[in-house]
Amino acid sequence: MKTTARIVVPIVLVVAVSLLLQGHNLPGGGFIGGVLTTAAFALIYVAYGLDYLEIGVLGREVESGTGIFEHRSVTAYKRTFVFGLAVAVGSGLAALAFDEPFLTQTYTIVEHVPIYHEIELASALVFDVGVYFVVVGGLLTILSVVGGE
Amino acid sequence: MEPELQVIFASVLLPFVAAIATPLAYRVLGERTGYGGAAVALACFGLVASQIGREGTVAVPWVPSLEIAMRFRVDGWALLFALLASGVGVLVFAYSAAYMHGEDNLARYYATLLAFMGSIIGVAFAADLAALFLFWELTSVCSFVLIGHNTEEDAARYSARMAMVVTVGGGLCLLAGFLLLAVVTDGAATFDLAWMLANDEAVRTALREQGLFVPALVLIGVAAAAKSAQVPLHFWLPNAMVAPTPVSAFLHSATMVKVGVYVLGRLRPLFLGVEWTLLFATLGLATMTVGAALAVIASDIKRLLAYSTASHLGLMVAGFGFRSAAGAEAGAFHLLNHALFKAALFLVAGVVAHEVGTRHLPNLGGLWRDLPVTAAVTVVAALSMAGIPPFNGFYSKELLFEAAYEAGHSAGGLAWAYPVVAVLASVLTVVYSLRFLSIFFGDRPSGLPSVHRAPVALVGPPAVLAALAAVVSVTPETAVDVVVQAAADATAAEAHEMHAGLPSHLTPPVLMSAVTVVGGVAAYPYSDRLGRGIEAVVNVRDALRPTHLYDQSLTAVELGSSFTASRVHNGLLRTYVVWCLGTASGLSLLGYATAAVQWPAMSVFDVPLAMTLVLVVALVAGVAVSVAPSHVAGVLTLSILGFMVAIFYIMASAPDLALTQLVVETLVLLIFLLVLEELPAYYADVKRFVVARDAALSLLVGVTAFVTVLLAGRRADDEQTAVAGYYAEKAVPEGGGTNIVNVILVDFRGFDTLGEIFVVTIAAISVLVLITMRNRGERR
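Each protein sequence line maps, in turn, to chains A and B.
With the working numbering applied, the first sequence corresponds to residues 16 to 164, in that order.
With the working numbering applied, the second sequence corresponds to residues -12 to 767, in that order.
Only true hints are included.
Covered by chain A, per the in silico footprint, the following chain B stretches (three or more residues, Cβ under 8 Å):
id	stretch
1	637 to 651
2	745 to 755
Partial selection, computed: residues in chain B whose CB lies under 7 Å from chain A:
id	residue
3	Leu654
4	Leu657
5	Leu660
6	Leu741
7	Ile758
These are computed hints drawn from the structure, not numbers from a lab.
Only a predicted model underlies this, so the values are computations on that prediction, with no experimental measurement involved.
The beta-carbon is built from N, C-alpha and C at its ideal position, and this holds for glycine as well.
Isolated chain A (complex conformation) (with noise of 0.2 Å):
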């Protein structure tokens, strides 16, 4: 199991950070990305549990006796999911610095969308970036939390 997930997790990482960028033309997406980031996380719990993440990887010491909540890494997880929801309101809010409408219902263009020789630069992808941190933050919120019980 152990040696599995140090092989899978890392190509699991990859390829969702892949399936996030190229999401708006390929399939893929903040959501899909986001969720496939959680179960790489979820592999490594089950494989080596939750301190390993502090300890292993990081570096870091664990005070033992405290609660699920005072974890370092649920924090990290609450801030991640904030930060992924000021990314995607904050990508909202900009379209209002362009005269554009708040991510209105109607079917017109929310983000603008400068278009280089080569490269496209989507802002949407901004908003999914966001969509993709709070799916992360907040499926690994629940996850270490009910994991930890």
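Knowing the structure of chain A, use the given hints to seat chain B on it.
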């Protein structure tokens, strides 16, 4: 002359703005906030008074899509009511500043009182049914807050809730009645009351044609009866007397309880007819009698005044109920007279309670030496209440007698009961008015402590009211000229020149008045025996008391709701699932059934073999899940089901869905692996009933999903829908992406996605909160 829009709006909005500013003002002014409130009320009074003589409608659009507007109509009736509200408001605020000395929560008290005044001025001017309903309910809410001013007291809470239930319940009837009116005039007016009054003939015809005349009339009648404390909904008013006395004087005698009467006067030209007279003349006279009888046996001076208020409201309702011009004049004139004398009497009751310390009638007497000015005020006000000539109450009561006599004379037969009952109720009125006067005259009971002179701030406001009552008594024609004539005209079907004054020759109504005065004075010495007789009638059956019925129905509602809660909301997740899924499926199926949807033709044979195979495996897995012997087996078979669905998506060329399904399935499998060992292997013996219920529910949900997909799904030979075509066309040029699903998610329907990520966040937070709370629960 047209009214000025800004002035009317200012007079309605000013109190609300002041109410918002009150908490801040209270920090600066402290208990002097009352005088600030008086200044606001005076400003409103000035604004309203500047519109005297003008007539017309002004409007500002509010909800244009529903044709709702902030529409204000100015006429004599509206001006009279608004002047009363703001004028009595000035005195009540000034009185409050002294009376509420040292009380808690004064900021809330003054803010609510101000908001109430704004609402009542709003009711007076509103000429849009939606706006009228809004202001009507606002007065109920303010009344609730003010009755429950002493939040610590059980009695205050009980009475506040009772007033709320009755008046707001009545308000719902009003809404229903208004909606009937709006439906009938659909297209022409919708909520425009001014238009309805201008085209009353058309509205009446439309109502009659659709058979909604009587329902609308009854609904509005119930609303007015609840608000204006008519029998049998009068019981909340005496209980509302737990409120501070200025509130009783302002809300529960002078203004709020008159809202029902006011609306009756407003709608009178629209509904006037046989049914109208039958309903409101009877209701009003019954209330007049019952209220007066109960006032005779009341021993608390505020309760006495409360029952008397109900009785006088009955007089106004009866007045408006009669067809003749005298009826409308009686209602409009008595609205003014009653506000003058009854508000004064309430403020007097407050002075007595404040200075003597008791409101118990048998313990009070001979106070005129201690409180001479208050006694003089009371003489004017109480004799006016009794309708003794030449005090102002006499003129309006005389008009009622005239209307009742005319009704009896023209209809004959049973209609003769109208004048008879009116006289009977008036005799009782004289008796209880004299009882109230007895607290200042006669022997001083031995137990009474020494009483200080009341401060000017307390005696001043009732003295002003009594002085006004005296002015009206001396020159009733002046009052008629200034406001009452215009008010009566607005409520009457046709114009009629109004006269008020002392009678010069003997007519039947004058005879009725003479009988009233003589009978009342003669009966007063026997009021104890009379009281015992009334009590014997009242106590016949407990079940007949409205309060008792109210308590019982409230208990029944409470029992019913706790029973429902224990069934539907019992804290077990599986129960919630049953109710949610069952209701959703049932309602959807019901919707399909009532819409009589077409069953699409379908054939099972053109499905590719591979797809059939995948679906069969999924089906087998589904069955296997439900009979799985262990958790591990269940989770694994569930995954097989999930993966089969994912493969199905791929075959149906939906790569994004398939990808999501696959990833989510993996994640769910991992989570199950995490929690699996925590789950108990054995719960309990399976109950047959539960199994049957769950199976039925599953079947129901399955059928609903199946039917929905069949009906809503796009069939192979259907054209692409406009929306789908739009998305496919615009994805590249406007969204800049070739993955339409993703472009829809982040570009076209970005708002939905934003909502969804908020849901994810909320879910995460709820899990955190739930688990934290569970731990707390365990510790406790």
